[in-house]
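J.: What follows is the residue order along each chain.
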Amino acid sequence: MLRVENITHQPVEFSPALMAQFADFVSRYPEGKQKSALLPMLHAVQAEQGWLSVPAMDKVAAYLGIEAIEVYEVATFYTMYFLRPQGKFMLEVCRTGPCCLVGAEKIMDHLEQKLGVKEGEVTPDGLFSWRGVECLAACGFGPVLQIGPEYTFYENLTTESVDQLLGDLKAKANN
Amino acid sequence: MGRKLLLEHINVPGINTFDVYRSKGGYAAVEKALKTLTPDEVVEEVKKSGLRGRGGAGFPTGMKWSFLAKPEGVPRYLVCNADESEPGTFKDRYLMTHIPHLLIEGMIIASFALGSKTSYIYVRGEMMPQIRILEKAIAEAKAAGFLGKNILGTGYDLELYVQPGGGAYICGEETALIESLEGKRGNPRIKPPFPAIAGLYGCPTVVNNVESIAATVPIIRDGGDEYAKIGIGRSTGTKLISAGGNLKRPGVYEIELGVPVEEFIFSDEYCGGIANGKRLKAVVAGGSSVPILPANLILKTAAGDARVMSYEGLSEGGFATGTMMGSGGFIAFDEDQCIVRNTWNFARFYHHESCGQCSPCREGTGWMEKVLHRLENGHGKMSDMDLLVDVSKKIEGNTICPLGDAAAWPVASAIRHFRDEFEWHVTNPTEAVSRNFGLAHYADPLPKPEVIA
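Chains as they are written, first to last, in the numbering used here: chain A, 1 to 175; chain B, 176 to 628.
It is possible that some hints are incorrect.
What the hints assert, rightly or not - With a straight-line Cα cutoff of 20 Å, these simulated SDA-like cross-link-like pairs (lysine to any residue) come out:
#1 B/Lys292 / A/Glu31
#2 A/Lys33 / A/Tyr72
#3 B/Lys359 / A/Ala62
Said to hold, decoys possible - Partial pick of chain A residues on the chain B-facing surface, computed with a CB cut under 7 Å:
#4 Pro40
#5 Phe77
#6 Tyr78
#7 Thr96
#8 Leu101
#9 Gly140
#10 Tyr151
Claimed, not checked - Between beta-carbon pairs, the in silico distance windows are:
#11 B/Ala203 / A/Ala17: 34 to 40 Å
#12 A/Ala47 / B/Ala477: 51 to 57 Å
#13 B/Gly408 / A/Ile66: 48 to 54 Å
#14 A/Glu31 / B/Phe242: 25 to 31 Å
#15 B/Lys404 / A/Pro149: 42 to 48 Å
#16 A/Thr158 / B/Gly479: 39 to 45 Å
#17 B/Thr602 / A/Glu112: 29 to 35 Å
#18 B/Lys404 / A/Ser161: 42 to 48 Å
If you're looking for bench data, these hints aren't it; they were derived computationally from the structure. No residue lacks a Cβ here, since even glycine has one placed at the ideal position from N, Cα and C.
Given only the sequences and the hints, what does the whole structure look like? Please build it.
T.: Next up, the structure:
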């Protein structure tokens, strides 16, 4: 759903590296089928900008020569696209059956307690957000979480390893 | 020890690189296919192998290939379905992570057989590390002359690209995947026309699972007849099983089809038994969408025979006393696990992942989730079980794609086999709720009763 945070008229600039990525993506499909590049382009924009604002999505639409609504309907359908700003580190914990059998809910509770924010909220320092997501295809190694934009995986989580991870991420952010 | 065709070299250091993979005989099957076989002969070998689609449906792969329309002047496409997101299933991610060139080699063979000059591997977006691994492997294969123009001097051209998804389970359905690859929402298409006639960009297209495509490598290397000698009955070859839940040794195992379920769960060669000294309560054998079975029915059929891991063996008895091979996502539940809670968890998954296109699925999955939630939270009614079965029947078979069936089967089968546990939640609401205290995220310990029919 497009939220009020998206309705900003602040201009968005894409880096030359991002524009080069756009060209590479479009080259992968037959002539006239450049809309196929939409999903990878949105991933690339999000990796650079942190989220997808309306001006950013409009710019993608203009590049592909499609209507802006075609971008919005894709961005609102898939769960990986953030339509409002998130923390620098978005921790996504698998909350589906197999991971829950081995303690995923406890990990989510622990994250909520340690970070002091509810699911989907951002910590006051802007560093962390967290949410439960559906099956991450690592059911034998649960509980698991991933962190974008690289989507680094952390498996066989315990509350202790989550504490260690949070400490490492804070140190990384401060360096 | 059973034969290993896909994971034979999985523990060789550096097997994810082209040079090591090649040193272990990698890409020999591509050379054989492109230099000594015609595309039709490759299809014929796959038909002879008896390979059945490893993504879940189990449709014969060679037959699927032979359905591909071949109109003059129209491009044909091969799309690999690497959108693995069926709860319990993680074999494709494992394979792509550790031995990516096996998939690349299979893609070249299959593309050649189908006449595809541009092929795509559609990987679920959450698997960014695997996307990077595959892109590196593609670059290595191209540098070695196995992709691009005039492969191995045979005149065959092939470009191979990786496409990331955006996070939607429904894109594992082949027509939804095609829609997504075209840059749209992943809404499944009405069939017919099938992708073999009108798929990607309206052109003839084959969509195959990662494991199916990887399996073409040993099939072409050794011949379809050799592959068909492995396994049991119409379940030929080997199968990757991703084992999770309360097992001592969860992980990805390659089995020869026909291994007894009891051996798979309890032997040290595979899962090593149930973790923490507990007893086995139930199993979901083929990913969350297949019917759950209690321990007695997963180990033995209703007739008392040892149940085996094969397409026919797992489905022995139909849905009354059997289940399905599905994707090979094997989830074991120990005696302490709550079936109601797990059923609610799966129902929430399908509600979350329904694309919303068909009313029975869009509304029904949410309805089931809510009823299961209230049962697990001490507000259930004795009539809820019949209500759930009724709703599941009204979803099943009434949707464009199989997600409706996938949502209905776990609920219906859980009530079929564990009705007394559901009833216990109604007669012992306080105890049912008390088990959830301490898990603040899991459920509101003091939920407000919901009024649902």
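J.: If a hint holds in the structure, say so; if it doesn't, say that too.
T.: Against the structure, the hints come out as follows:
Taking the CA atoms of B/Lys292 and A/Glu31, the gap is about 15 Å. The hint holds against a cut of 20 Å. For the proposed pair A/Lys33 and A/Tyr72, the alpha carbon gap of about 18 Å is at most 20 Å, so the pair holds. With a C-alpha separation of about 16 Å, the suggested pair B/Lys359 and A/Ala62 falls inside the 20 Å cut-off, and the hint holds. Below 7 Å, beta-carbon pairs count as interface contacts, and A/Pro40 has one with chain B at about 6 Å; its hint therefore holds.
A least Cβ separation of about 4 Å between A/Phe77 and chain B falls short of the 7 Å threshold, and the interface hint therefore holds. Proximity of A/Tyr78 to chain B holds as hinted, the smallest CB-CB distance being about 3 Å (cut-off 7 Å). A least Cβ separation of about 5 Å between A/Thr96 and chain B falls short of the 7 Å threshold, and the interface hint therefore holds. With a least beta-carbon distance of about 5 Å to chain B, the hint placing A/Leu101 at the interface is held under the 7 Å criterion.
Interface restraint check: A/Gly140 against chain B, minimum CB-CB distance 4 Å, threshold 7 Å, status holds. Here the hint on A/Tyr151 is kept, as its CB sits about 4 Å from the closest CB of chain B, short of 7 Å. Against the hinted window of 34 to 40 Å, the Cβ-Cβ separation of B/Ala203 and A/Ala17 comes to about 39 Å, which satisfies the hint. For A/Ala47 paired with B/Ala477, a C-beta distance near 53 Å keeps the hint of 51 to 57 Å intact.
A hinted range of 48 to 54 Å for the beta carbons of B/Gly408 and A/Ile66 is consistent with their spacing of about 50 Å. Between A/Glu31 and B/Phe242 the beta carbon distance is about 28 Å. The supplied range of 25 to 31 Å therefore holds. Checked against the hint of 42 to 48 Å, the pair B/Lys404 and A/Pro149 passes, with Cβ atoms roughly 47 Å apart. Separated by about 42 Å at the C-beta atoms, A/Thr158 and B/Gly479 satisfy the suggested range of 39 to 45 Å.
In this structure, B/Thr602 and A/Glu112 meet the distance hint of 29 to 35 Å, their C-beta atoms being roughly 32 Å apart. Separated by about 46 Å at the C-beta atoms, B/Lys404 and A/Ser161 satisfy the suggested range of 42 to 48 Å.
Every hint, counting from the list given before, is met by this structure.
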